[in-house]
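Undergrad: Chains as they are written, first to last, in this note's numbering: chain A, 69 to 320; chain B, 483 to 698; chain C, 21 to 247.
One or more hints might be untrue.
Straight-line alpha carbon distances no greater than 16 Å define the calculated EDC-like cross-link-like pairs of lysine to aspartate or glutamate that follow [stated by the list, open to error]:
no.: 1; chain 1: A; residue 1: Lys195; chain 2: A; residue 2: Asp208
no.: 2; chain 1: A; residue 1: Lys293; chain 2: A; residue 2: Glu175
no.: 3; chain 1: A; residue 1: Lys313; chain 2: A; residue 2: Asp302
no.: 4; chain 1: A; residue 1: Lys186; chain 2: C; residue 2: Asp36
no.: 5; chain 1: C; residue 1: Lys106; chain 2: B; residue 2: Glu599
no.: 6; chain 1: A; residue 1: Lys194; chain 2: A; residue 2: Glu215
Treat the hints as calculated values from the structure; they're not laboratory data.
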Amino acid sequence: MPAALEQANESVVSVDNVVKEFGPLRVLDGVSLDVTRGQTVAIVGRSGSGKSTLLRCIAGLETVQEGMITVCGHAVGRPGSAARAQLRRDVGMVFQSYNLFPHLNVERNITLALTLVKRQSRDEAKKRAAEVLAMVGLTDKIASYPEQLSGGQQQRVAIARSLALQPQVMLFDEVTSALDPELTAEVLGVMENLAHHGMTMISVTHEMGFARRVADMVVFMHQGKVWETGPTADVFANPRTAEFKQFVGSEL
Amino acid sequence: MIQLSVNHVLYLVEAARWTILLSVIAFVGGAVVGLPVALMRVSRSGALRGIAWGYIQLIQGTPLLIVLFLSYFGLGILGYKLDPLVAAGISFTLYAAAFLGEIWRGSIEAVPKTQWEASDCLGLNPFQQYAYVILPQALRIAIPPTVGFMVQIVKNTSLASVIGFVELARAGQIVNNSTFEPFAIFTAVAAIYFVLCYPLSVAARTLERRAHAGRS
Amino acid sequence: MSYKFDFEFLAERWPDFVAGAWLTIQLTVLAIAFGFLVGTVCALARAYGGPVLRRVAGGYVEIIRNTPLLIQIFIVYFGLSSLGLKLSAEVSAVLALTINMGAYTTEIMRAGIESVQRTQLEAADCLGLTRLQTILHVVLLPAMERVYPSLGSQGVLLMLASSITSQISAEELTATANLVQSDTYRSFEVYVIVAVVYLALSALYRLGFWAIGLILFERRRRLGTPL
Chain A
69 MPAALEQANE SVVSVDNVVK EFGPLRVLDG VSLDVTRGQT VAIVGRSGSG
119 KSTLLRCIAG LETVQEGMIT VCGHAVGRPG SAARAQLRRD VGMVFQSYNL
169 FPHLNVERNI TLALTLVKRQ SRDEAKKRAA EVLAMVGLTD KIASYPEQLS
219 GGQQQRVAIA RSLALQPQVM LFDEVTSALD PELTAEVLGV MENLAHHGMT
269 MISVTHEMGF ARRVADMVVF MHQGKVWETG PTADVFANPR TAEFKQFVGS
319 EL
Chain B
483 MIQLSVNHVL YLVEAARWTI LLSVIAFVGG AVVGLPVALM RVSRSGALRG
533 IAWGYIQLIQ GTPLLIVLFL SYFGLGILGY KLDPLVAAGI SFTLYAAAFL
583 GEIWRGSIEA VPKTQWEASD CLGLNPFQQY AYVILPQALR IAIPPTVGFM
633 VQIVKNTSLA SVIGFVELAR AGQIVNNSTF EPFAIFTAVA AIYFVLCYPL
683 SVAARTLERR AHAGRS
Chain C
21 MSYKFDFEFL AERWPDFVAG AWLTIQLTVL AIAFGFLVGT VCALARAYGG
71 PVLRRVAGGY VEIIRNTPLL IQIFIVYFGL SSLGLKLSAE VSAVLALTIN
121 MGAYTTEIMR AGIESVQRTQ LEAADCLGLT RLQTILHVVL LPAMERVYPS
171 LGSQGVLLML ASSITSQISA EELTATANLV QSDTYRSFEV YVIVAVVYLA
221 LSALYRLGFW AIGLILFERR RRLGTPL
């Protein structure tokens, strides 16, 4: 196969029949998923469907009991996985509660991992921080502390912080759920921008409008299983299951 | 070979009775003086509040050992016999009263303002408010930190040894002077203090946890 | 009251008090610094360590907090000496005070460390920080900032408790007082002066902690708000 085509279909994230239990509770019940480079995937579903847990497993924050997860060629999720550090460099995660470090200003929040993990010099790191802040439109807030920013601004800084490490794939865990509606738009705008620039993204979201507009593939999860999956337009136009029809109806 | 005999240990345990006596004196005295101090701290009179505040700051900024020496030699000035037990009793009382006063002030202030309002609306005068509504609730809030402070009281009694009173610490020194096994002896002394104090610490923690579980 | 107060000795003996106070400061500043290090390490053990580590650190804390400082000092000075390890009075004092401060600091810092939310640790993990880097850069400063008033109070308490080291002949402020009063027979006056000096030292230490806090906690200095 020619190199260009190979790259286009390169699997960045591969989830193979994953089972995840919290004690007696089976949260993921045989979930499979394939994400290729440049794809934007939206994972939707009700609370408790397992979608956040799936994302956290892909990020390596939770271990799985059965099945395999592969990210950029690294095995993830089984206890004792090697190459964890490399995984961290390839995966960027943004949380619902932003999780900025409150005692550091915006610039230091971004440069911290650059200097400690990527061993960049202070100057290199500061340059990179300015770059990513420009990408999310917050150049003037570089010296502010998180508590001085609105929720939407904090979330955009969180996105910039992960972007700075040049990950191969970005994971978003309900990143607008904690925001007021007015602030949601600015964050979704940044995410849309990222998608158009070719970033591989997996986003757990309640924003159906965003999913329809931006996502290449939609995954609908229910009770720990994938009930519907496929290209966005198809899935929304031809829902196969009653659960998904009900879900879409309730979200609009 | 450790020369510590059963007799020595018994001597220490007997001296521990004095430790307990001193602790009780300190606690009772501290409570009797401490409650008025706490009430003064929350009174409407600026003068009363100031006096109590000054007293607490003074005691909390001075080492207990110095307070002890001042009591001991102060007695001499006033013409009384330099009795270690009396001096110890006075200084431990003054010391405990300052700390208990602070703790209990905190407990009184922790009673929700709404309780004041409700009892006021029912027509109770300040004395009745305190007696029937505020203090009973403050008491419950005060129990965990007070029990915790009792650990300090017991440990502080060891200083009475410095002015010659024969309680547990002094007994340890006396035994050491005849057997010269300081490591074994003072470890034994520490163990006895531990037996006295640890249950109080555990009780204080348990009470604290239960108090938090009870609230929202 | 037929007692006549007489402070004349002060004119001649004041250098002794200064020397005593200076040693008190030296002993306690060292003990506070080392005690803080010991306490922080033990607090990390109790917050993040395995069951064995937690038990050991917990045992250390319980033993120290439930026994009098006087006895701890005797064990370090007289006890270790009888086992062959002869330490000077000053070194013994610093050692005993450090061990004591360490136990109280452990509980204070543990509260601070546990107040740093798990999500902060997850974010640091996702950014690729190692455990150690996370502790140093994400956990410790906010933890310290949250419990700083307690740390400061504990430092002042330790300084006041250092008076007990006079009992092993460390020539600090209280020992100086004992010496001067036995020379001059002006017991009451001597101890009143020393009490005033301790009060001044308490105020000085509180000021010192406040200043250190300003230096350490940049965010607080800039914004003035609690964490």
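Undergrad: Under the criterion that the straight-line Cα-Cα distance not exceed 16 Å, is the pair Lys186(A), Asp36(C) satisfied?
TA: violated (57 Å)
Undergrad: Verify the proposed pairing of Lys106(C) with Glu599(B), using a straight-line Cα cut of 16 Å.
TA: violated (64 Å)
Undergrad: Next pair to validate is Lys194(A) with Glu215(A); report whether the Cα-Cα distance is within 16 Å.
TA: Violated, at about 21 Å.
Undergrad: Given the hinted pair Lys195(A) and Asp208(A), is their Cα-Cα distance within 16 Å?
TA: holds (14 Å)
Undergrad: Quickly compare the C-alpha distance for Lys293(A) and Glu175(A) to 16 Å and report which way the hint goes.
TA: Violated, because 40 Å separates the two Cα atoms, which is more than 16 Å.
Undergrad: If you draw a straight line from the CA of Lys313(A) to the CA of Asp302(A), is it 16 Å or shorter?
TA: Satisfied, since the Cα-Cα distance of roughly 13 Å is no more than 16 Å.
This entry does not satisfy hints 2, 4, 5 and 6, going by the numbered hints stated previously.
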